[in-house]
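Listed in order, the protein sequences are those of chains A and B. Under my numbering, the first residue of the first sequence is numbered 44, with each subsequent residue one higher. Under my numbering, the first residue of the second sequence is numbered 1098, with each subsequent residue one higher.
Bear in mind the hints are in silico, worked out from the structure with no lab data behind them. Computed from a predicted structure; not experimentally measured. Think of the CB as a built atom: it goes at the ideal place given N, C-alpha and C, for glycine as much as any other residue. Be aware that a few hints might be false.
[Said to hold, decoys possible] DSBU-like mimics (lysine-lysine), calculated; alpha carbons at most 35 Å apart, straight line:
#, chain 1, residue 1, chain 2, residue 2
1, A, Lys205, B, Lys1495
2, A, Lys169, A, Lys205
3, A, Lys206, A, Lys307
4, A, Lys205, A, Lys175
5, A, Lys307, A, Lys143
6, A, Lys175, B, Lys1326
7, A, Lys214, A, Lys175
8, A, Lys106, A, Lys175
9, A, Lys175, B, Lys1495
10, B, Lys1326, B, Lys1341
11, B, Lys1326, B, Lys1305
12, A, Lys106, A, Lys169
13, A, Lys219, A, Lys175
14, B, Lys1207, A, Lys143
15, B, Lys1207, A, Lys169
16, A, Lys175, A, Lys307
17, B, Lys1323, B, Lys1341
18, A, Lys211, A, Lys316
19, B, Lys1495, A, Lys214
20, B, Lys1495, A, Lys211
21, B, Lys1326, A, Lys169
22, A, Lys106, A, Lys219
23, A, Lys169, A, Lys307
24, A, Lys219, A, Lys169
25, B, Lys1495, A, Lys219
26, A, Lys169, A, Lys143
27, A, Lys205, A, Lys307
[Claimed, not checked] Just the calculated beta-carbon pair ranges, DEER-fashion:
#, chain 1, residue 1, chain 2, residue 2, range
28, A, Val133, B, Cys1135, 34 to 42 Å
29, B, Leu1141, A, Glu92, 57 to 65 Å
30, B, Asn1210, A, Glu92, 45 to 53 Å
31, B, Lys1495, A, Val133, 32 to 40 Å
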Amino acid sequence: MTEASPQLNEREPAAPKTPPASEAEALVEAGADGVSAVHMADFNAWYGEFQAIHAVNIHIPEKNVTAFIGPSGCGKSTLLRWINRMNDIVPEARAAGMLKMHELDVLSRTTDVVDLRRRVGMVFQKPNPFPKTVYDNVAFGPRMHLRVSRAELDDLVEWSLKKAALWKEVKDRLRKPALGLSGGQQQRLCIARAIAVGPEVLLMDEPCSALDPRSTDAIEELIAELRQEFTIVIVTHNMQQAARTSDYTAFMYEGDLIEFGATKNIFTRPQNKRTENYITGRFG
Amino acid sequence: MKGGDLPTTRPQECARKSSEQRRKLDQAFAVACVIIACLSLVVLALLLSAITFEGVRFLSFQFLIAAPGPEPAEAGIGPSLGGTIWVCAVCAFMTLPVGVATAVLLEEFKPRNIVLRWLHGFLQLNIANLAGVPSVVYGIIGLTAFVAMFGLFGSVNDPVLELGASYYDQFVSEGDLVAFVPVSGPQAPETEPRDGMTAYTSSGQPFKMIVADRQTFDFNDPANQKNMKRTFFTDSEPGRVSRKSWYFIRIPFGRGVLAGSLTLMLVVLPIVIISTQEALRAVPDSLRAGALGMGSTPWQVVWHITLPAAVPGIMTGAILAMSRAIGEAAPILMIAGIVYIGSAPGNLMDDFSVMPLQIFTWASRPQAAFHSLAASGIIVLLAMLLAFNAVAVLIRHKMQKPLT
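Just chain A, same shape as in the assembly:
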């Protein structure tokens, strides 16, 4: 769990760049109709000798939902985990290229990882509330990052829980252990916890894969609400979910960004054969 600076590799990647530059530019164009919250250019990532991501170029638009889809091992989670440098805790992981969150150079050695992670929140696959009360879970971030009075903290907790559509269910049990909540409630609590510190970007790594359909529904509704205020990047195995929740979809395959564009285009008129095959269920 050591938080050393990541082993950033500044040299050119050995593997040939795919897709070619012109295509990459086209992909950049596709997502660039608004302000981009996260911008990657020629972004590569490795685990030891294994290159998990090959020269990805992408603009992730602000205040929109962007979904990353692709078969297991295609590098979509790795990509997500580099945006808030969670990969720092993986000893073998390193990355090269450009990765910017608004104007902040994410990969720079001088980047304050703690502040970066405040600005880029993360929700994990399995709900992971802390073994504390509901209130303390949501108050955890503000207590660490912000100077707030008790009254302000109460307000923040209420605001976050309301944003996460959980307030009604937990307002009478704020002082009860968070682990007593149901799985779906726990996941919404984790979302409330993440937004309580006022992030700009919210990363969600398969947030519904451990939940039942009903809780999944609740989370998806929540995502639709939250997109007004946060840039949401979601990784999912579930193509219907990507189609339902996202404004933009990126398809990744074996570490390459194959196609990126507005969700309706990707799902109705995919430009790339592999995208089409994946979406229609011919592989993956």
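Given chain A, put chain B in place with the hints provided.
Here is chain B on its own, set in the frame of chain A:
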């Protein structure tokens, strides 16, 4: 006929035979387990009842507070009970922070640098090894490192640093009053009594000494008789005494409580470290990832998430380590030696004894009555151990919560 040349063995028949055998073996194993369990219980019960029979005779409140003496009926375990409490309390206060901090370093701050990683592995291996070192070895280490401090800071009788002790020369007046004259230190030159010198009574009252010559002193003078209590002769011999406050500290430590506690700390530190590491390892990584992902510093993750989640395991390990410390005799024997201790220690440098040592002393006496005393001591020791373990179980039970 089709299949006429097939072998005649059929799986169904074999299965029937084998299941018969397996069931018998299964039952035999269960019976063996029960017998072995009962045997160990019987042995334990025998030991306990033998000790209770033998020791209950002397067991009383008086036994808990009285000093050991030559008369078995009046002897007690007071000083060594006090010594055990002192030593174990000091040991716990030092071992817990150091042990938990070491475990956190080893478990939560694993290095990436190749040299540091090697060092990390080396440390880990050696902590596991240290847990297996016979405790008498730690006694020898404690003797050189803590009692004598490698002889670097003078001797116990002439320490480099001393705080909280005052030294006096003690005189007895012609009126049998004991008077104390303060001196600078244990090695200060002897005080020559002078007329008008300030001295103190044993209750701390100051008074002026009257010093007279034995040859010319007139015992019949009424004025002299009135002042007999304050009168000293020039040739009276002083005795050097000291008074030590509760915070008395000296370097080197000498054969005191602190040296004993530090030595016990060496004995139990590996236990605390290893059990804390286990407890930290049991904390799911998803909690760490969750906290890190919100922008906690590694320290905040440890302090707010990992350590609180690991507290039940840490406490259990710590209390088990303390029960080990209570029962240790060998290293304390090296530090304290077997000397008569008439009262519980009053400061960290005080001479002390612990219950196992007292039990050992009694058990090695030839008279049977002392063997009974030893048994009584064992009962007290066992009761203390049992209380400790009960607390461990309670804490574990109270604080164990599901983590994910």
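Hints, verified against the model:
1. Lys205/A / Lys1495/B: Holds, at about 33 Å.
2. Lys169/A / Lys205/A: Distance ~22 Å between Lys169/A and Lys205/A Cα, so the pair holds.
3. Lys206/A / Lys307/A: 27 Å, holds
4. Lys205/A / Lys175/A: Roughly 19 Å between the alpha carbons, so the hint for Lys205/A and Lys175/A holds.
5. Lys307/A / Lys143/A: 26 Å, holds
6. Lys175/A / Lys1326/B: Given that 35 Å is the threshold and the Cα spacing comes to 72 Å, the pair is violated.
7. Lys214/A / Lys175/A: 16 Å, holds
8. Lys106/A / Lys175/A: 31 Å, holds
9. Lys175/A / Lys1495/B: It holds: about 15 Å lies between the C-alpha atoms, which stays within 35 Å.
10. Lys1326/B / Lys1341/B: Holds, because 26 Å separates the two Cα atoms, which is no more than 35 Å.
11. Lys1326/B / Lys1305/B: The hint holds at about 11 Å.
12. Lys106/A / Lys169/A: 25 Å, holds
13. Lys219/A / Lys175/A: This hinted pair holds, its Cα atoms lying about 8 Å apart.
14. Lys1207/B / Lys143/A: 29 Å, holds
15. Lys1207/B / Lys169/A: 25 Å, holds
16. Lys175/A / Lys307/A: 42 Å, violated
17. Lys1323/B / Lys1341/B: 34 Å, holds
18. Lys211/A / Lys316/A: 46 Å, violated
19. Lys1495/B / Lys214/A: Holds - the C-alpha atoms of Lys214/A and Lys1495/B are around 26 Å apart, at most 35 Å.
20. Lys1495/B / Lys211/A: Holds - the C-alpha atoms of Lys211/A and Lys1495/B are around 31 Å apart, at most 35 Å.
21. Lys1326/B / Lys169/A: 86 Å, violated
22. Lys106/A / Lys219/A: Measuring from Cα to Cα gives roughly 34 Å; hence the hint holds.
23. Lys169/A / Lys307/A: The hint holds at about 29 Å.
24. Lys219/A / Lys169/A: 21 Å, holds
25. Lys1495/B / Lys219/A: 16 Å, holds
26. Lys169/A / Lys143/A: Answer holds: Lys169/A to Lys143/A is near 27 Å, not above 35 Å.
27. Lys205/A / Lys307/A: The given pair, whose Cα atoms are some 30 Å apart, holds under the 35 Å limit.
28. Val133/A / Cys1135/B: 34 to 42 Å: Hint violated: Cβ distance 52 Å, outside 34 to 42 Å.
29. Leu1141/B / Glu92/A: 57 to 65 Å: 58 Å, holds
30. Asn1210/B / Glu92/A: 45 to 53 Å: Violated: the Cβ-Cβ distance is about 20 Å, outside 45 to 53 Å.
31. Lys1495/B / Val133/A: 32 to 40 Å: 36 Å, holds
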